[in-house]
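Chains as they are written, first to last, in this note's numbering: chain A, 1 to 268; chain B, 1 to 268; chain C, 1 to 268; chain D, 1 to 268; chain E, 1 to 268.
Worth flagging that the hints you see were computed from the coordinates, not collected in a lab. All C-beta atoms in this analysis are idealised placements derived from N, C-alpha and C, irrespective of residue type, glycine included. Hints are supplied without guarantee of correctness; some may be wrong.
[Claimed, not checked] Here are the simulated PhoX-like cross-link-like pairs (lysine-lysine), alpha carbons at most 25 Å apart as the crow flies: (1) D:K149 / C:K256; (2) C:K242 / C:K59; (3) D:K253 / C:K212; (4) D:K56 / C:K4; (5) C:K212 / D:K149; (6) A:K111 / E:K250; (7) C:K70 / D:K56; (8) B:K253 / B:K242.
[What the hints assert, rightly or not] Covered stretches of chain B (chain A as the covering partner; in silico rule of three or more C-beta atoms under 8 Å from a C-beta of chain A): (9) 38 to 50; (10) 152 to 159; (11) 162 to 173.
[Said to hold, decoys possible] A few chain C residues that don't get close to chain B, going by computed Cβ distances all over 10 Å: (12) H6; (13) G13; (14) A36; (15) D100; (16) E101; (17) I121; (18) I134; (19) H141; (20) Q169; (21) D241; (22) K250; (23) E257.
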Amino acid sequence: MNRKDHLTIIGLGLGSVMLLWSMTMGSELIIFWDFASVIITIGGSFCALLVNYPMKDVKNIFKVMAVSFKDSPTSGIETINIFTDLSKKARREGLLSLEDEIVTLEDDFLKKGLQMVIDGIEPETIKDIMELEINEMENRHNVGIGILKAWGGYAPAFGMIGTLIGLIQMLAYLSDSSAIASGMAKALITTFYGAIMANLVFNPMSAKLAHKNEEEAAVKDMMLEGILAIQSGVNPRIVEDKLVSYLPPKERKRFKEAKIVEGVVEGV
Amino acid sequence: MNRKDHLTIIGLGLGSVMLLWSMTMGSELIIFWDFASVIITIGGSFCALLVNYPMKDVKNIFKVMAVSFKDSPTSGIETINIFTDLSKKARREGLLSLEDEIVTLEDDFLKKGLQMVIDGIEPETIKDIMELEINEMENRHNVGIGILKAWGGYAPAFGMIGTLIGLIQMLAYLSDSSAIASGMAKALITTFYGAIMANLVFNPMSAKLAHKNEEEAAVKDMMLEGILAIQSGVNPRIVEDKLVSYLPPKERKRFKEAKIVEGVVEGV
Amino acid sequence: MNRKDHLTIIGLGLGSVMLLWSMTMGSELIIFWDFASVIITIGGSFCALLVNYPMKDVKNIFKVMAVSFKDSPTSGIETINIFTDLSKKARREGLLSLEDEIVTLEDDFLKKGLQMVIDGIEPETIKDIMELEINEMENRHNVGIGILKAWGGYAPAFGMIGTLIGLIQMLAYLSDSSAIASGMAKALITTFYGAIMANLVFNPMSAKLAHKNEEEAAVKDMMLEGILAIQSGVNPRIVEDKLVSYLPPKERKRFKEAKIVEGVVEGV
Amino acid sequence: MNRKDHLTIIGLGLGSVMLLWSMTMGSELIIFWDFASVIITIGGSFCALLVNYPMKDVKNIFKVMAVSFKDSPTSGIETINIFTDLSKKARREGLLSLEDEIVTLEDDFLKKGLQMVIDGIEPETIKDIMELEINEMENRHNVGIGILKAWGGYAPAFGMIGTLIGLIQMLAYLSDSSAIASGMAKALITTFYGAIMANLVFNPMSAKLAHKNEEEAAVKDMMLEGILAIQSGVNPRIVEDKLVSYLPPKERKRFKEAKIVEGVVEGV
Amino acid sequence: MNRKDHLTIIGLGLGSVMLLWSMTMGSELIIFWDFASVIITIGGSFCALLVNYPMKDVKNIFKVMAVSFKDSPTSGIETINIFTDLSKKARREGLLSLEDEIVTLEDDFLKKGLQMVIDGIEPETIKDIMELEINEMENRHNVGIGILKAWGGYAPAFGMIGTLIGLIQMLAYLSDSSAIASGMAKALITTFYGAIMANLVFNPMSAKLAHKNEEEAAVKDMMLEGILAIQSGVNPRIVEDKLVSYLPPKERKRFKEAKIVEGVVEGV
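If we strip away everything but chain A, and leave its shape as in the complex, we get:
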């Protein structure tokens, strides 16, 4: 799976195209490029992050950014279908028969949980271990959300620092007109870079990751509920009913309609 989050890509791509197009209206694009400004804005704000965060958090920052380009690996409806199949099989052929199914599953969390069921571990222990894992996932995500938000705050600040450097240079050499151009370019370009980094990249990405975090945690809660239901050997229909209550209203409706169609086809 690991489908792409097309919206993040479209947003960043379309936003860049719009900005580039309007930058070419009435001027050449090259006037918006300044290497020293890149160093001050991106480099400077990254240095502030190094002071701000411990090593183990900074190391993950690019992995974290990549996550906002990926769609949530498992959707709610798929998860319900998986569990309906698994619980039917477990009822007919016993819990041990799930061993063959585990190999075909893609989600590590789900695999681990089912393996524990097959190994005959106590439900309380399974619950404790898997809830701890969900908590750990949320903490890991929150660090990523926080570090992107912090970068989104330092970027405009270092943009302003670059602008001040440029203005001071310009004022010091008022008589030399070439220095004015160089100074003012850095002056406004750093603020420009900082504003784009914060408002098109870091702040929206940080918010997107927070949405994904909520969604993934909800799917994992659903999986835990399903695993415990299979272990307790309840009716597959009840397993399905329980999991459906985790879906948002729209998906619930779509799921029910799909069931009806399926029911008609299956002749149930």
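On the provided structure of chain A, position chains B, C, D and E as indicated by the hints.
Using the frame of chain A, we list chains B, C, D and E on its own:
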């Protein structure tokens, strides 16, 4: 029903007229129009929203904005009158007689609740299902409120980005006076667009939706209370007394005065 | 009663005089007047309020502003004296004798409560009804406090929008010097109007109303306690002791000193 | 006692000297003085406070500011020593013997508490009365902290209003160069005054008062504990142990070292 | 131990190099140096801190800043290894045998706890005393975090005050071009200094200290758990299991892998 919220329309209309009038004072209106600025401010901030929110939320944004132009579909006083009639009928002719009334009702939430009463479903189950529906409605509204607020934050930010583009262009071609005009126009016009979008449109609309959300949730709470009262078969007068306590003081007064007039006319 | 809150009047008056005086230092006052700026700043921000709030809240805004010019109708010490007299009379001549006193009272809340006591309504019912009324009063006040705060936020925003209009006009007609004057005047005058509206009028008024709200709620809590004490027929001296504990330390001291003087005079 | 808080005085003094010194670098000091600017910034922001706060709070504002120049009247270590002496005396000669000691005490809170012990008032009553007094002290302080913070917010706002007045005046008389000087002076000087008032005076003072408030409340809690311990007649050593646990770690260490020295000297 | 936090040093160092490099692009470095600006920005904001905080907090500020350059003294994995060894020894040779080990330990908190175990103090008392110590450490750290954050707020404010001084000087001597240079230099350089102090030094350092605080508190919680486990004489393997649950997932994995390697080598 679905009456219009005249205040939202008047506020937006009158505000636009005032701004347009003052823009024509001492200049032609055309100087405030710049296509590239529209692209940067509206387009750019919308791209940031695409990065910020998942697909299912962004898709609803125009539907959400339309809601702030509509009045709450059902008012408190009407709801009380409906319930007084329904409870009288239920008392005289039995709960099943309500079946004919349901067809004439306009509110889906009310219809669903009464249908469950006629179907003889347990009060606890009715309460659970309908409270879940109220919760879902509030969650749906909160997403809409949040997305408008986020747009109201990104709009001025992209206004500032556009201003920076314009200023950098102007500084790069200081010798060419026509470029100055083009540059400065974009420079300030984007900030101008962003400020109006945030302060006349998105922020007030987001706050209006929050008010509507509270009001609708209160009416639905009232309906749930009324449905459960009808099911338990209490006296119509007590049903009315219970529901009146949900009204704000002014409406309560108006309702009582209307009752007295009615009482005199009816000779009660 | 309905005494004026001299401090609000003095603050607004003195503040205006100071500003006007410094505006006349080195220039004529007329340069600070611009009709279009009034329209943009006051009119525009009021239109944003129309979009922001439902009709029933906007309608009350001028009534709400008037409240911040009035002093709290009843003070704590007066209230204690009223209750000491009432409880003495109730003890000597019975609860029904209070009927004559009610006519002379000015506070509607107090009248309503005592009438219920005379009518022999249960203490629990009186408590419920009067606490509901206190809650409603606080909600009503909070809407007023919120709407003034919102206006205090929109006013500087529309001041900035007006400034942008003025700057864009000025830039468009750089060659025409009379347009510069007109443009720049609007430009800064709207920001000036918005800053005064927010910092001298709306924000301080909103805070003053919040103080008044707390005070009035405290007096009403005191009245409720007093009414219930009279109904239960406790000793007038105990009624007084109970109510005194609601006073802030300074007023408590003043009240005790007044009692001693009175005691000496009365020869008690 | 009432020792001075040297740090507040040093901070304000040294800060003023630094600012004055840098103001004299390359210019005469007189250019930073403008009477109209004082009126707008200090007078205007004070008028906003008059609208913002009720009379009884505004009246105390200068008394409140004076407090931030005074050190906390009683330190923790002194308080422990006082209580060790008092509890020894109470054990040897009885509670009534404390009457002579009270006269020599400087703290009113402590005097009142011990007087109640001598008068034989119940421990619960003493606790209630003295906790009420601590609460009242904290409320009184919080009003002072809030009013300084509010002034620290209005001062820069009125600084900006003064700057706008100056800029508008300057723009209106562009042809008259003497008006420019007068206008621009007021323009920036008011912002300058407002920034200093907020960042060197009101905001830091407000924070200092909050620290003092916490400290005084801790000392009073300690006194209350000590008074109740004396009343219950526990061993002086246990009184001391209890009170020591209220000290911050550093003072605790210092206190213990002092005890050892004392012990050696006393030969205990 | 007391290893250095290389990230803080790298962040500050690399950030400074980047800023210095871009400052030398197109100008000499000397134009960014102004002694009066250092006095206003660093000195002025430090004076505001003196007014803001009590003596005992201000005294520690440089010690606090030094902490953000040091790595946490003890890591989780080391701590577990120490406890595994200690609990093995305690089991074989009795609690008193730990006396020899204490001398070799570097952590004072750990030493104090083990000494109490050897001295036969009750588990509850040990827990109380050591939790108090953890609390005190956190309070001490929070004061440091708060004071750096406050400095990070006052620094840009005094940067702006310096800028205003420079602008006013420049306006007063418009005719003297050398004064303009001096005035404007101070004007922008102070804002530049203030922005760097806040965004590269104080704010990130304050956040780093907050991370360190959390980490150290977690290690100390782990130590307390280990000390109590040794005292109660549980199996060394269970001590290890308990402490491992305090590690973050990554370290837990690394610890387990190290154990396996060790196990193979040891032939267990």
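Against the structure, the hints come out as follows:
Simply put, K149 of chain D and K256 of chain C have alpha-carbon atoms about 33 Å apart, too far for the 25 Å limit, and the pair is violated. Our distance criterion of 25 Å between C-alpha atoms is broken by K242 of chain C and K59 of chain C, whose separation comes to about 40 Å. For the suggested pair K253 of chain D and K212 of chain C, the alpha carbons sit about 49 Å apart, so the restraint of at most 25 Å is broken. A distance of roughly 15 Å separates the Cα atoms of K56 of chain D and K4 of chain C; the hinted pair therefore holds under the 25 Å criterion.
Pair hint K212 of chain C plus K149 of chain D holds up; C-alpha atoms about 20 Å apart against a cutoff of 25 Å. Distance check on the hinted pair: K111 of chain A and K250 of chain E sit about 20 Å apart at the alpha-carbon level, within 25 Å; holds. For the hint linking K70 of chain C to K56 of chain D, the alpha-carbon distance of about 16 Å falls within 25 Å, and the restraint holds. Taken as a hint, the K253 of chain B and K242 of chain B pair is honoured in the structure, with Cα atoms around 15 Å apart against an allowance of 25 Å.
Counting residues of the region 38 to 50 of chain B whose beta carbon lies closer than 8 Å to any beta carbon of chain A gives 8, which meets the minimum of three for the stated coverage. Judged by the Cβ-Cβ criterion of 8 Å, the region 152 to 159 of chain B is covered by chain A as claimed, because 3 of its residues qualify and three suffice. Proximity of the region 162 to 173 of chain B to chain A, defined as three or more residues with a beta carbon under 8 Å from a beta carbon of that chain, is established by the 9 residues found. The beta carbon of H6 of chain C is kept farther than 10 Å from every beta carbon of chain B, the shortest such distance being approximately 30 Å.
Here G13 of chain C stays apart from chain B, with its beta-carbon at least about 29 Å from theirs, past the 10 Å limit. A cut-off of 10 Å between C-beta atoms contradicts the statement that A36 of chain C is not in contact with chain B; the least separation is 4 Å. Taking the minimum C-beta to C-beta distance to chain B, about 28 Å, the non-interface status of D100 of chain C holds against the 10 Å cut. Every beta carbon of chain B lies more than 10 Å from that of E101 of chain C, the smallest distance being close to 26 Å; the non-interface claim holds.
Against chain B, the non-interface label of I121 of chain C holds: every CB pair exceeds 10 Å, the least being about 16 Å. Every C-beta of chain B lies more than 10 Å from that of I134 of chain C, the closest at about 12 Å, which supports listing it as non-interface. Against chain B, the non-interface label of H141 of chain C holds: every CB pair exceeds 10 Å, the least being about 13 Å. Not every Cβ of chain B is farther than 10 Å from the Cβ of Q169 of chain C; the closest lies at roughly 4 Å, contradicting the non-interface assignment.
For D241 of chain C, the non-interface assignment is confirmed: its Cβ lies about 34 Å from the closest Cβ of chain B, beyond the 10 Å cut-off. Under the 10 Å C-beta cut-off, the non-interface status given to K250 of chain C relative to chain B holds; the minimum distance is some 34 Å. Against the 10 Å criterion, E257 of chain C stays outside the reach of chain B, whose nearest CB is about 40 Å from its own CB.
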